[in-house]
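Enquirer: Sequence:
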Amino acid sequence: MGAIRIFLLLLTVFCFSCGGAQAEKRVALVIGNSAYKSAPRLANPVNDASLVGGMLKKAGFDLVDIKLDLNAAEMRRALRDFGGRTREADVAIVYYAGHGIELDGTNYLIPTDASLETDSDVLDETLPLERALFAVEPARQLRLVILDACRDNPFAKTMKRTIAARAIGRGLAKVEPTSPNTMIAFAAKAGSTASDGDSRNSPFASALVERLPTPGLDLRKAFGFVRDDVLKTTGYKQEPYVYGSLGGDDVPLVTAKPIAAGPQANPDSELRRDYELALQLGTRDGWTAFLNRFPSGFYADLAKGQLNKIAAEETRAITADKARQAEEEKAHLAAERANKAEQDKAAAAAKAAEDKRLAAEKAKQIEEAKAAAAEQRRKDAEAAVAKALADKQLAEKALAEKLASDKAAAELAAKQAAEKQAAAAAVEQKIAAVTSSSTPPAMSPQETTKLVQSELRRVGCLTASADGDWNLASQRSLTLFNKYAGTRFDAKLATFDALDAIKARPGRVCPLVCDHGFRADGDACVKITCRAGYRVSDDNECEKVQDKKPVATREDAKKRDTERKQTEAKPSKPQASGQLICGNAGCRPVKSGCRVESGSSSGAGSVGYREVCP
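In the numbering used here, the protein residues as written are 16 to 629.
Hints are computed from structural coordinates only; laboratory data are not their basis.
Please note that a few of the clues may not be correct.
List of simulated lysine-lysine pairs, DSSO-like, C-alpha gap at most 27 Å [said to hold, decoys possible]:
{"hint": "1", "residue 1": "K394", "residue 2": "K377"}
{"hint": "2", "residue 1": "K371", "residue 2": "K360"}
{"hint": "3", "residue 1": "K377", "residue 2": "K360"}
{"hint": "4", "residue 1": "K204", "residue 2": "K247"}
Please model the complete structure; the sequences and the hints are all you need to start from.
Expert: Below, the structure is given as structure tokens:
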């Protein structure tokens, strides 16, 4: 009987080697980008990549390739090489920590050498998320992409838009994988950003290494625990999210260790091993050898059921062959035009053979169903035994851990009392840091309105001053921004979402409108200057000035009369009159400015002249 067992074992090993059955192969690519050339350095991605890569190595992965601070060419090469390795793998994981960007609904991973001066540079300088999904696609059982790339992206704030309506999202966009057994895990829900935290590693990476390697824990449940941990750590501001779906079976990252049988040997262990060897072989000889060694019992009944299934298959094959031969004989007689009696006989034989074939097929299906049900009962029974042993072990382990915990708690009671105040201060500081980094500043509605108005003035949609009064002019300006930026904010309210969207626009959004005599030049109105002989027309174009003859008007005559009267009213300038005045000493000219007037002389009745000077 020992020789039979050895024969079955060797035959099974041979069959497995021929079929190429191998242990599950798992590979992973881990990328962390921190040292960006055109953006501030990120503190955590390199640390997070090293932490996650170490976790995957401890989890028993066959290959974990850790790459840090990769430029575009290096990222493409790493994904291409990893895609070649996944062709031989059952499980493939890509973890990426760094900057990512969403453009028109498509997600991109940003290498360290990207500058992204304009939105069109995204297509040339980054790698689409689809490239990472393409790299893990050849894996046979599980394809997992983990993105810790939902950070607040500095490139989106400085990037110039070639089209004003082009959408550049906050965080990453929702993804629906098309390949089966594929999951994509985001550090934050689509459209939101993730926090780096205030420690060496991000909250998301810390939760991953804590939850994913739990033995036997299904990945979907593990990511659920990751979500809960991150929500608590970030004050319910950051919610990780998983896209994609898996089948009904549990898919743990680390399989549960087999349960030890204990100090006493299981009496059915040898019997069970022989049964499983015969089941893997699946031949009549194998089951006959098993029944010769173990002729009775639960496993013997299962073996007889398997023999019945094999016999039903053999009967089905024989009857199918006879039915085929009968049909061929019937067709042969018909072709040779044999007499009717022979043809009827052949037809009856063919029908009888077909009936036997159908009966054998039905019997085979019944035996297969019986064998499958018996096999399921065996698995259920073995699972029940294993569960009972596992529950016993867990209870013993829980009791041991409780005793150890009680002892440790008693030893550390004094130390905890001394450090309680310091720990409380540290927790308050941590909460304040997390809150300041992940929540918007507390502002009054008027302050928020003023900020929105200032940003609307900057992008050219508001001409009035930022006074904190959300009036009709401010509402019209936000409506204009929605029109030219392709957004749909409520114009009746000044919100933080609208403020973020307006801040993301680096330049003018609403078109510039200038007064008459000025033209738009970039973001400023410049006065129109025409050359000599030309002037600015009503259409803001330079036109030639037409020559016109002077025409006398009533206004001109009135002006001349006024000037003449003013001239006549002025006193005369002193000048020589040309008169002479004579006296005893003789005659002389009258002095300048003087005149001669008649008057009485000193003699009686005589008339004389005198010189009068003013």
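Enquirer: Could you run down the list of hints and mark each one as holding or not?
Expert: Here is what the structure says about each hint:
At roughly 26 Å between alpha-carbon atoms, K394 and K377 fall within 27 Å of each other, so this suggested pair holds. Distance hint between K371 and K360 is fulfilled; the C-alpha atoms sit about 17 Å from each other, no more than 27 Å. A threshold of 27 Å between alpha carbons decides the hint, and for K377 with K360 the separation of about 26 Å falls inside it, so the pair holds. The suggested pairing of K204 with K247 holds, with an alpha-carbon distance near 15 Å, which does not exceed 27 Å.
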